[in-house]
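Q: Residue-level listing of the chains:
Protein chains: 2
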Amino acid sequence: MRNRIEIYDTTLRDGTQGEAINFSVADKLQIATMLDELGVDFIEGGWPGSNPRDVAFFEEARSLKLSRARVAAFGATRRRGLSCAQDPSIQALISAGTPVVTIFGKTWELHVQDALRISPKDNLDLIEDSVRYLSERADLVIYDAEHFFDGYRANQEYAIDTLRAAVAGGAQRIVLCDTNGGSLPDEVTDATRVVAEQIEVPLGIHCHNDGELAVANTLAAVTAGVTHVQGTINGYGERCGNANLCSVIPNLELKLGKEVIGRERLGRLRETASLVSEIANLSLQSSAAFVGDSAFAHKGGVHVAAVERNPRTYEHIPPESVGNRRRVLVSDLSGRGNLVAKARELNIDLNSEQAVLQELKRLEHAGFEFEAAEASFELLVNRVHNSSEPYFELISFRVIDQHQGSEMPMSEATVKIRVGDHEEHSAASGNGPVNALDRALHRGLAKFYPSLEKVHLVDYKVRVLQSPLSGSASLVRVLITSSDGTTKWATVGVSANIVEASWRALVDSVEYKLMKDGVSPIGASVEEADKKPALV
Amino acid sequence: MRNRIEIYDTTLRDGTQGEAINFSVADKLQIATMLDELGVDFIEGGWPGSNPRDVAFFEEARSLKLSRARVAAFGATRRRGLSCAQDPSIQALISAGTPVVTIFGKTWELHVQDALRISPKDNLDLIEDSVRYLSERADLVIYDAEHFFDGYRANQEYAIDTLRAAVAGGAQRIVLCDTNGGSLPDEVTDATRVVAEQIEVPLGIHCHNDGELAVANTLAAVTAGVTHVQGTINGYGERCGNANLCSVIPNLELKLGKEVIGRERLGRLRETASLVSEIANLSLQSSAAFVGDSAFAHKGGVHVAAVERNPRTYEHIPPESVGNRRRVLVSDLSGRGNLVAKARELNIDLNSEQAVLQELKRLEHAGFEFEAAEASFELLVNRVHNSSEPYFELISFRVIDQHQGSEMPMSEATVKIRVGDHEEHSAASGNGPVNALDRALHRGLAKFYPSLEKVHLVDYKVRVLQSPLSGSASLVRVLITSSDGTTKWATVGVSANIVEASWRALVDSVEYKLMKDGVSPIGASVEEADKKPALV
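Line by line, the protein sequences give chains F and Y.
Letter by letter, the first sequence follows residues 9 to 544 of this note's numbering.
Letter by letter, the second sequence follows residues 9 to 544 of this note's numbering.
Next comes chain F alone, as it looks inside the complex:
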């Protein structure tokens, strides 16, 4: 089956070499389950010889019910001077008890001499007998040829000899690694072709992104005959990361016509990317190919109009094929067409298009920007359409920031609001004015609207604008991202005063949550408010 490409995911091992990426054992188990559902063939779980967390993962992983993927443990060839039976790292690989074992060896003489400090011949022996020892004890052994392309450039013959040693030992996959990530696609193609002529065992590719070419290098290798592809979700990995499977898989499946995870599972791609980024506590890059929020976002009015008529005009693939969706950005570059398209996207009825457009223009002229604040946009439409009761009214707020001598500075906020007939006066302190204000507002509202208790700030951005109205005071635009643990939404506030701008974004955040939950405003009459206490 020449057309079938195996996916070997190393998010849990090479991915964790990325700066600021740390997974707990529970995180790893959760990700492994998701990878299996996505349809990858192999899940590299860790390096049992290198840390206790990975040992624990492999212990727990035995009880995972995976439908398709096989778990692999990763390690190095035995140390010189030790037999495999004596080498603790090789023994840790065996103890991991995985059906698949992957070991890497040295291809590049520079490394053999500078890092291992053994002779080229000894390196070949070391590869062959490490692979043989493991082949006799695991279902499948995969051999990762570290620095293959650098080694090949330096000494083509020796580089291929190291692969032959692994084949002689019984390796069932030979993986060509661009460890330093600096190779060019043409180099990958040429070297892979030469190897494919000389090695009978199925070949694999493992690329790093130091030249921003990892995806291209991976595709180049596949075109040159490789059938096993290694990479990570979202391209996580050391330095600039590994080949990003979220781009490699759809390119293989949709562009090169390979059988990878299948069209149906491909629809889970964006969700997988998004959940893995959540677990890694990193935001998924908005501009990420295929899976990013902006990947199918159209800003220019001309583009929007064309896409509405025929998506192929500005979309290279249908967004749904990777579980993504088209978005229309509302910005000053666009007009009525974008607004209508945006409303359709968000399932909002625009019964007074003209009024919304007018309000949008007024606010954008005042410095608002709804592109990155869809929740505020939905509220805007809702306010224009429905002249319903507000959830609450502000009577006043006050924030005090104080720095006294060498003490830590602190902020304190008081908020007075009216909810129905109630007047609520609340106070809170915080590590900054916005934090204090946010906490005081939530404290005041929570007893009327308990679902707000789960809401918290996850991001806060500030931008100083040149005032579009006069040369005097600068305007400040605040973008806030909130979360209730399940979904996230972004709101915007603009004012010459940063605290006021933050307040407006906070109010939008609260109102959006209540609107989405379908909560009714507490009415003006106390009796009525008492009769229908905070639903949800």
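Do not rely on the hints blindly, as some may be mistaken.
Pairs count within a copy or across copies, as identical chains cannot be separated in the list.
[Stated by the list, open to error] Pairs of lysine-lysine residues, derived as DSS-like cross-links and limited to a Cα-Cα distance of at most 30 Å, are as follows:
hint: 1; residue 1: Lys-469; residue 2: Lys-496
hint: 2; residue 1: Lys-462; residue 2: Lys-73
hint: 3; residue 1: Lys-73; residue 2: Lys-266
hint: 4; residue 1: Lys-496; residue 2: Lys-73
hint: 5; residue 1: Lys-462; residue 2: Lys-424
hint: 6; residue 1: Lys-496; residue 2: Lys-462
hint: 7; residue 1: Lys-369; residue 2: Lys-469
hint: 8; residue 1: Lys-455; residue 2: Lys-524
hint: 9; residue 1: Lys-455; residue 2: Lys-424
hint: 10; residue 1: Lys-462; residue 2: Lys-524
Derived by calculation from the structure, the hints in this document are not laboratory data.
Fit chain Y to the supplied structure of chain F, relying on the hints for placement.
A: Structure of chain Y alone, referenced to chain F:
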């Protein structure tokens, strides 16, 4: 000169199509200056026919003193039914008064029929006479063949006919655009080769990153004969962005051996990437190839030891060649070279290099970043070197932000400082807490240091950082740009509290001005202070 590759930067035009990217006219002028210093050949400043901000930019850009780059205005072919003289968009291009004009036309019959709704023949006429009209009025006309590769796949002959029409009109560059970003490198190579055989005019390439292949596609085109490359700093652009010049340039220069901006200017790459991201108020992706913080970061152990012995073992290029640096994660032991280079650049004598390095590391660990705040860096060096009298000491400050009913919100600050033996208590109101604090501080200091009267804030940026120390409170980094009417300087402050972070940046701003003016601190004795009143 076959080996010379021209760089055409479109950060200011196509880059602003990226989600959440907005540049003011002042931002654009600053970026244009930086691009010129980096050594690009062309700077596409905007689309004068599409919005008033771009018109303003071109007006101001005429007085920019650029050493190398030529400014280009971007627009479309004339509308059907209008002559070029009647078409307001073509006339806006002329009015922009740039030496270079770039216009795009349709290559793909799907677009000709669905978007323009004219016959294929009429499209050819429209391209030819638009190009001719502009060629007679500008020094150089560049023709962007929109959707070239899609058009070529659909109808090779017609696609090339559109290029011929542009050549007949007098275009001096023919740029093949992968507008939807979905092409593969092999497709780009094949199509470019065919075009290169048939078109005599120098060819260019313009790629989008929807398949995470924009850099590879650009290199493929260059290998196939293209000599003009378009892209954006940090790959900003619509959807998944444009070809990232921060990866394209070093790949061309260091890997393919082309003459691009030259080895020396290449050393400014990281700084340019970083400053453009600051202006865009987006953080530079840590894993970005070549220029990211993690691009040469090694996570402990074997890699670090090997790299210390021989950098080639785990680094595809020397980090300094792109102005980046090696980082050893966990215990950062490097950076000395950068510090020395930076001090040299700023003409600072480093007589206690080790002490400065230590302080720098402590502050960077706490979230400070001096790349965009050179004034704070100079102060840091100065503080380590000279244990001189401070200009003043803070006793306490307090800021109150109040919003009462429908009144405009206001902020009031009080600042108590000690200057020599004086204790000064001042108050001021402002349209925000930082403005109030800034005014109160200046009011308190001005009678001791009158030169501060001319100093005012010109920009203020805030970024929320993940705390490097714990998971609890987020840190806030504030960057302030100040001016005294003659020069501008940037300072930084970090704290969990935004007001405190702003205060620190304000204090640095004041101290920097006084240091630069050579003002002596008011001494501890009142008599002495009275004897030498505020020099300047």
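Q: Report the numbers of all earlier hints that the structure fails to satisfy, in ascending order.
A: Hint check: nothing fails, all pass.
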